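Given these sequences and hints, build the entire structure.
Counting from 1, one number per residue, gives the positions in the sequence shown under this note's numbering.
Read the hints as simulated data drawn from the structure, not as lab findings.
Incorrect hints may have been included.
Stated by the list, open to error - What follows is a set of in silico ranges between Cβ atoms, one per label pair, in the way DEER data are often shown:
(1) Ser-232 with Thr-282: 18 to 24 Å
(2) Gln-129 with Ser-218: 37 to 43 Å
(3) Ala-236 with Asp-277: 17 to 23 Å
(4) Ser-84 with Pro-210: 40 to 46 Å
(5) Ala-299 with Glu-265: 15 to 21 Å
(6) Ser-232 with Asp-153: 25 to 31 Å
(7) Asp-59 with Val-133: 32 to 38 Å
(8) Leu-251 with Asp-59: 43 to 49 Å
(9) Glu-265 with Ser-232: 31 to 37 Å
(10) Met-81 with Asn-214: 35 to 41 Å
(11) Ser-218 with Phe-143: 24 to 30 Å
(12) Asn-214 with Ala-249: 19 to 25 Å
(13) Pro-274 with Arg-39: 33 to 39 Å
(14) Glu-271 with Leu-251: 17 to 23 Å
Just so we're clear, the structure is a prediction, and the values are computed from it rather than from any experiment.
Note that the Cβ used here is the ideal one computed from N, Cα and C, for glycine as well.
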Amino acid sequence: MFWNRREFLTTSSLALVGGAFGRLPLRAQDATPRFEELRRNVGAFHMRGGTIGWLISDDALVVVDSQYPDTASACLSGLKMRSSRMIDVLVNTHHHGDHTGGNKVLRAATREIVSHANVPGLQRRQARQRGTVANQAYPDTTFDENWRMDAGDEVVSARYYGSAHTSGDVVVTFERANIAHLGDLLFNRRDPFVDRPGGASIRGWIKLLPQVINDHDSDTLYIFGHAGARFSVTGAADDLVVQRQYFEAVLEHVERGVAAGHSQEQIASLERLPGMDDHDSTPQSLARVLNVAVEELTAEQ
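Here's what the structure looks like:
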C-alpha cells in the first residue's frame, strides 16, 4: 500500500507532530513521504536519509531506523494512520545521524530503543562533534551479538557480524516475512560511506556479506540503507554480491598501487572503479573510499 503526499499533508497529526520541531527545511518539504508495503505487514518508509523499515500489525508495531527529525515526524504520522499502538521497539541499525536523527521524535511514542552495544558511545561522540547532543535519544537496550523478540505473529531478530560500515552495524530480520534490513551495510550501486573513525573495516565488510547471505535464503527480500538514482533500496542476494565485488575491486586497486610505490594521492586519483559502471560515482566520492582503504591497509602493515 502507498500513502501519497496529499494524504500526509491533510492529516492533523502531521501538523501537530511537525509543528513541535519548527518549519521543515525546503528540501524536506519537497520530498515525498511514501510508505511501501512489501509483504506480510512489513514495509519501508521512503523520504530522506536511511531507509526506515516497519512492521504494522494488530499485535505489534516495530520500526527500524528513524532518519531525521522532520522525516521521522512524517513517518510517525503515517504510522498513526495505520495503528493506534505505541511503537513496541525502534531498532537502530547503527549510529549515523540519518538513521538515528529521528529517535527523539519517536521517543515519546516508543516503548524501547534497541541497538548494538557500540552504538550509544559512537552516537554520543558524533553528537558532541556536531553540537547536537540536545537532539539525541539513545538506545535503552543494547546487545553484543544477537537480539530477538516476538512481535505478534512475527519474530524480529538482529545480528552483529563485526566491523564493516562502522563498528556497530546490525542486520534486522523479520523472520516470518523473510525480510532483512541491512542498514548501511548495503549502498546499492553507489559509492558507500566507510566510517573509519567509527570503527569501519573494508575487510570486515567483505567477509560479512556472504555470511548474511548464508543466514538467509534465496527468497529473502533485503532493505538497503541507500541506493543509486537508478536502483532500488530493496533487492536480493545478488545485490550483496555486487557490494562485495565493489570492495574487492577497491582493495585490489589499492594493493596494486601500494605495491607499485604510488602515493596515497595517486592511488585515490581514479575516475571510476573498474567493473562498476552501474554505480553512481564521482572521482570525489570514490576517492573517499580509496583513501580509507589505503589507511586500512597501511595500518595492517
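Broken hints, by number = none
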